[in-house]
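Protein chains: 2
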Amino acid sequence: MPNRLQKKYLAMCMKGKLFSNQMISKVKAFCQEEGLLGQNDNIIIGLSSGADSVCLLCVLLELVPKEQLLAVHINHSIRETAERDQEFARKLCQDKGVAFKAVKVDAITYAKERGMSTEEAGRLLRYQAFEEVGKEHFHGSDFKVAIAHNMDDNAETVLLNLFRGTGIKGISGIRSSRDNIIRPLLCIKRTEIEAYLSSIGQDYCNDETNFSDDYTRNKIRHHILPLAKEEINPRAVERVFELSNQAESLYDFIEEETAKAASDIAKVEAEHAVIKLEHWGNYHDYIKRSVVLDILSRVAGSRKDITTAHIESVINLVDLQVGREVSLPYSMVAKRVYEGIKVVREAAGEYIASGLDEELVLKEGKNSFEGSIISMEVESNIINNNEIPVKNYTKWVDYDRISNSLVVRHRRRGDYITINDEGRTKKLKSYFVDEKIPSEVRDKVLLIADGSHIVWIIGYRLGSYYKVTERTNKILKLVFKGE
Amino acid sequence: MPNRLQKKYLAMCMKGKLFSNQMISKVKAFCQEEGLLGQNDNIIIGLSSGADSVCLLCVLLELVPKEQLLAVHINHSIRETAERDQEFARKLCQDKGVAFKAVKVDAITYAKERGMSTEEAGRLLRYQAFEEVGKEHFHGSDFKVAIAHNMDDNAETVLLNLFRGTGIKGISGIRSSRDNIIRPLLCIKRTEIEAYLSSIGQDYCNDETNFSDDYTRNKIRHHILPLAKEEINPRAVERVFELSNQAESLYDFIEEETAKAASDIAKVEAEHAVIKLEHWGNYHDYIKRSVVLDILSRVAGSRKDITTAHIESVINLVDLQVGREVSLPYSMVAKRVYEGIKVVREAAGEYIASGLDEELVLKEGKNSFEGSIISMEVESNIINNNEIPVKNYTKWVDYDRISNSLVVRHRRRGDYITINDEGRTKKLKSYFVDEKIPSEVRDKVLLIADGSHIVWIIGYRLGSYYKVTERTNKILKLVFKGE
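Which chain is which? The protein sequence lines are A and B, in order.
Just so we're aligned: the first sequence equals residues 0 to 482 in numbering that gives the first Met the number 0.
Just so we're aligned: the second sequence equals residues 0 to 482 in numbering that gives the first Met the number 0.
Honestly, the hints are just simulated from the structure, not real lab data.
Mixed in with the good hints, there may be bad ones.
Where chains are identical, the list cannot tell them apart; a pair therefore holds if satisfied intra-copy or between any two copies.
Stated by the list, open to error - DSS-like mimics (lysine-lysine), calculated; alpha carbons at most 27 Å apart, straight line:
| # | residue 1 | residue 2 |
| --- | --- | --- |
| 1 | Lys-6 | Lys-334 |
| 2 | Lys-428 | Lys-25 |
| 3 | Lys-25 | Lys-426 |
| 4 | Lys-228 | Lys-303 |
| 5 | Lys-90 | Lys-65 |
| 6 | Lys-435 | Lys-228 |
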């Protein structure tokens, strides 16, 4: 018969076993609900040696046959403890009988070379490594990549998005799956992970984070979330997770409704779109705005930096008279036309940059500089605005509107450009900011200027003030030919 | 000519004037956008004498003719500074020439008498006072009540909701208007309010908060939000406000879609509803869940405590066979029937409570105790379950299923009740918790028990195990008559 101490020990083991079983059931149920694990799925486990990924390995060993698992350790060669972590991972997999592979990546150099953040580079390199190693190990068969994000990570992401500015998508937090990436531990809290590892007597390495974004994330992890848990609700992390799940389903619904509405009321082609107003009134304001965002994003080729203010300005056009227009990021212009609102991406060229030292006064005929040529010719025929061919490097302007000698030069303090037919002007600097021109390029962009008033951002847009109209008498043709 | 110091002073005044104009334009634009102020609206200003409400008074004086304004100070008689604040408000209104009224309320006594929180009582009394004072002052004409909530208050509410658990509605934060309540300063940050008051040289009293909920709110105000602003994004409060606006519009859209879908697929009557499955498949999962929540809320008469798990259990019934059912809060049962899902609120009675000391063994015939009578009669006719009339104080049970002598008593450790036709049981305690029976009542509820197995919670539901079925041979009729 076991003595008292033995009994206590057995009871502790039983408790650990129960806890461990609970954890496994919970992850199993979550994977089933979210469809994360198929019966024959090959799985790569991203194994950093931190608590989360060690837990992921242990739990997946209970749910997936060993032969279908491969643990991959990414060595970022940044931390002092990198070798220790790699050795820990190797040893752990050896003990558990799981296939193991370590990959060294250099996120810092990669980031420098490509002008991205170390964090972004690290993420990119990790997923590239998983893909390469996976293809080789599983002989070209499909595989999934299991990442150890947990419920606390989700709450941190939601708060980060919330404070930085987000929509319903950001509230959805971390997804349980995307492409071939799965996150089986998303339903588990950090404290549960630690308790589980301790209940099964499993060690792990301490995760020291290195990436830039982790500074703000750590503020949330170490200060904001603990306050929320201690002072407001001990189950705050679970509550945020529930909201995320609801928001995910809601986002999905909104996407569907927006796509349906967009196909009903809009016609989108490459670089332009028309929103017809026939069925416009059938839709709720929220869906109207969502459709406008969708259309602007498709015409722009990106959703980034399209703000509520831009969407409102397009919506406002509905009640304005035909001909009114607004300028938008990515050189887009939205115009009220008879049948609705037309969104056009103007001049999808690229900014022509050079190292031109001083300004060059342009004269009629050919003007050469630094291997480039700008020619200025007076056109004899009056042509209709709409018939002007769109060529990036040729522009026609209203000669009578030019007050000074035209010059080609780089930007100067005080430069401005007219951005619509109503004569609205914008500081060139604001224009560059709105158009997302990288600041290092701004000083090199070639401009044709009439004093401080910009006529043409070469290779890009013409100032609206100088556009040829029906009242134009004298047309000037400007042609740029680069080296 | 003004000297240097005079110039500096004039410049300062100009700056103050500009700032003050900006503030007024901002509030004006917000009120226009949100339709808060009509031209002839009478307005009550809730004037606590704190910065927010003093700012509200000053700004509204610029936007609304004086004669249409009435400032009301609610004296909660709790703070030591209550008299000082009231005197400040009176003096301010005298100086500005605005009609003023102070009202004393006693939230603590009111709360005690009604078993509510002091905060809830305070809110109730404030709005009651506004209504009464407004009716009198404006001679029965309509009026609005302007409250000084600001953009920081909104962010606090969103975070409070987020950590406590919320849906998209909670993310919408504080509404700019509801019924006759308007919040013109919701577009203004707390720092802007303080800067504005300083720019116009306007004093105010420090707000010392007294209500229970303010403890948690203050944690967010003084700790979490400052961290978010300093460490994550200085414009965090604005970003949360933008999200709230988006969520508000989204919530509105979802409500409309849910109402449309509910009227398409469900038939709701008092205390029961049927969800038909004919068009069920046409709807997105999110809308299905939203419809189920809507229907359960309408049958229950309250949305509170209906959780995602309850909604899921109802949704799951769709794929189960006819006859399967689940128990829900508020004594609701959802059952898979041929045409879809039927939701019924069982026994909408009330718990009969008494101070019965000991258990009383029931015998056939009349049993009297404490002025009440329970009669037990054997029914001669076998009646069909569906024909049993629904009377709160009369129940028919299957006599053969009773193993012990029936007793009437209060609850005891180990009591349980069968809650569905498949024989699922629940601890009585859990049942009381799920049904939101206040804990102080639980010990006094009268029960008819068969050992630990509860036959009837008197005035309320019958244990499913004892229900009369087609196989019942002997029916026992139980009738309770109270004093």
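Right, here's what the structure says about each hint:
1. Lys-6 - Lys-334: neither (81 Å within a copy, 48 Å between copies)
2. Lys-428 - Lys-25: between (55 Å within a copy, 26 Å between copies)
3. Lys-25 - Lys-426: This pair counts as between: shortest inter-copy Cα distance 24 Å, intra-copy 58 Å.
4. Lys-228 - Lys-303: between (33 Å within a copy, 23 Å between copies)
5. Lys-90 - Lys-65: within (16 Å within a copy, 80 Å between copies)
6. Lys-435 - Lys-228: Between copies only: 25 Å across chains, 40 Å inside a chain, cut-off 27 Å.
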